[in-house]
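Using the hints, position chain H against chain C.
What follows is each chain in one-letter form.
Protein chains: 2
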Amino acid sequence: MSELRKDPVIERWVIIATERAKRPTDFVRSSAHEKKSEGVCPFCPGNEGKTPPEVLVYSRTGNLDDPNGWWLRVVPNKYPALKREGDLDRIGEGMYDKMNGIGDHEVVIETPDHFVSMADYKVKQVEEIIWAYRDRMIEMKKDNRFKYIMIFKNHGKEAGASLDHPHSQIISLPIVPKRVKEEIEGADRYFNFKGRCVYCDMVRQELGSQKRLIEENEDFIALSPFASRFPFETWILPKQHAADFHEIQKNEVSNFALILRNSLHRIKKVLNDPPYNFMLHTSPRPDTAERLSHYHWHLEITPKLTLVAGFEWGTGFYINPMPPETAAESLRACAQKENENPSTVIQLPSAM
Amino acid sequence: MSELRKDPVIERWVIIATERAKRPTDFVRSSAHEKKSEGVCPFCPGNEGKTPPEVLVYSRTGNLDDPNGWWLRVVPNKYPALKREGDLDRIGEGMYDKMNGIGDHEVVIETPDHFVSMADYKVKQVEEIIWAYRDRMIEMKKDNRFKYIMIFKNHGKEAGASLDHPHSQIISLPIVPKRVKEEIEGADRYFNFKGRCVYCDMVRQELGSQKRLIEENEDFIALSPFASRFPFETWILPKQHAADFHEIQKNEVSNFALILRNSLHRIKKVLNDPPYNFMLHTSPRPDTAERLSHYHWHLEITPKLTLVAGFEWGTGFYINPMPPETAAESLRACAQKENENPSTVIQLPSAM
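Chains C and H, in that order, give the protein sequences.
Per this note's numbering, the very first residue in the first sequence carries number 1; after that it's consecutive.
Per this note's numbering, the very first residue in the second sequence carries number 353; after that it's consecutive.
There may be inaccurate statements among the hints.
To be verified - One side only, chain C facing chain H, incomplete, derived with CB under 7 Å:
1. R5
2. W13
3. A81
4. K153
5. K178
6. G186
7. V198
8. F311
9. T315
10. Y318
11. N320
It is worth saying that the hints were derived from the structure and are not from the lab.
These numbers were taken from a predicted model, which means no experiment stands behind them.
Ideal Cβ placement from N, Cα and C applies to all residues, glycine included.
Here chain C stands alone, though its shape is the one from the complex:
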């Protein structure tokens, strides 16, 4: 079983993924630039038997043997970083702390189409993905061993995607991870000092100055953050204060899908389809010790254009050669895809 281990100094947890363990010789060549021959894609229609059984499927017919029936599947990861079965077993090893690697690790197969990328999806397809994120998050929250649920996407090999077929991932964790804790503590500190949500203030200031604004609609704003770590880093925030992603309203799903698809499309056009990651940051489970009223969910998109080197690893301090105001200007100027009318969207039933 995988193990969670805590750094005794800065209290950063790591997953020692023994289920994915490799022999030392497997590392002899960097995997970063190897082209894996994929052979048969396990995520394509007709190959459903090559993945573990679905935990969620959106389908016209409900008939899983009909390869034309589904347009989105969620399946457990075949090589999970964490496993659902077992107890946490928090134990010490001298001065160190560890626990078993308990958690869910699921894959959202976003579309049956192997070759299209999220930047070019119809808005309706992105809505489906957002509903799947929400449905699985609600389901995972029922298990109170899990304190945090992280949704993320790796696009392109250099961003960590091991399969080409468009997919994103959901991991539930038995701890609140460091980066999320820091955001929550920062938001709490700001609230105690100013009496306002730091993200709400950010939305207000960015809408006012327009300098770093990329796009807005009724419910959401896309911007280049003031202290961007990476060139063309893009954040999407709800304009109204909201701590929990899974409480998103139906009309907001349409607008979130629209601004997410458009933001990815701008990045694809301006930067010639670069690798990227996106990460959804939402509140931990309410029964953790964290105070949540001042947190504000959001999505961070980080194109992979520069290398993270010794300076960044050593300091946690980033050197970004692209002023976010310039990045916002060129993303803003990029011509958009025609917007399909989101009002035509029909919410689809889940098959389980």
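What follows is chain H alone, placed relative to chain C:
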């Protein structure tokens, strides 16, 4: 001038490096895999005029026009992330904080030999490099605008090295960076709780269990850390409690050089010369608010064998497919270079 900007939520600073600024179109292709044609190497003997004038040189003759005269040079970075001249000018922009990018950014040209790598240096040459780190750190500490000095090395293109000629870098910063602050706060918390230095406890436990031990000598230990973020991550710590790297004793310099060269040599042999970063973590200037008595300087080596993807960026939580006990075992088993006798080393005068 470059700008330092603070994330208003988690208080992470970034350098918006306008001096290195690029046009948006410069990012259109990822720079990660481009082979830059280097032409004439500015760090090779005979090309001294292609770098800014030395701030430190170790040389037999003291005659800089003699290309065979020097065996180590320290020069200001020609494309610095930060600049020495100017005032900090801390200012706000609405809710945001920023300041001018004031700092030193120097390059240590470790050897006149373009083709050798630190893993294969004679121990004596590594000692020279350590003396240069120390000399420059002491010099930089005299400017009390600077709160922290970070020494690091990027080896290989994928680890961020833009020139092949062996070199490392020194940056002085007007703030104590987040990652260092976290270590200091963690060490302080541990001391308040247990009354002991967390790193001293780590050294004691690792010497006792031997499970993660790679090498030890009279003054230093090299180990695979219990909560390694990356496969084959290696830390080198002084066995005796010491907060400040620049107070290293002369006999310790020899032993530090030996264990550093050996650790890099083991990584090179076991992993076929992978790209890597190393970062020296030492105390901030004593006039900062940080409490230093419980900090313990050390060096972290991180081979670049896996990709950092959405999960890690979103959570600050790493998935490591290589148990550190297995990594330590294969690094420990690797045959060592013959150890030159460190007692033959003569300390060399600095030319300025």
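To see whether the hints hold, each was checked on the structure:
1. R5: Where the cut-off is 7 Å and the nearest Cβ of chain H is about 4 Å from R5 (chain C), the hint holds.
2. W13: holds (6 Å)
3. A81: holds (5 Å)
4. K153: Hint on K153 (chain C): holds, closest Cβ of chain H at ~6 Å, below 7 Å.
5. K178: holds (4 Å)
6. G186: Holds: closest Cβ of chain H sits about 4 Å from G186 (chain C), inside 7 Å.
7. V198: Hint on V198 (chain C): holds, closest Cβ of chain H at ~5 Å, below 7 Å.
8. F311: holds (6 Å)
9. T315: holds (4 Å)
10. Y318: Cβ of Y318 (chain C) sits 4 Å from chain H, so the hint holds.
11. N320: For N320 (chain C), the interface hint holds, since the closest Cβ of chain H sits about 6 Å away, which is under 7 Å.
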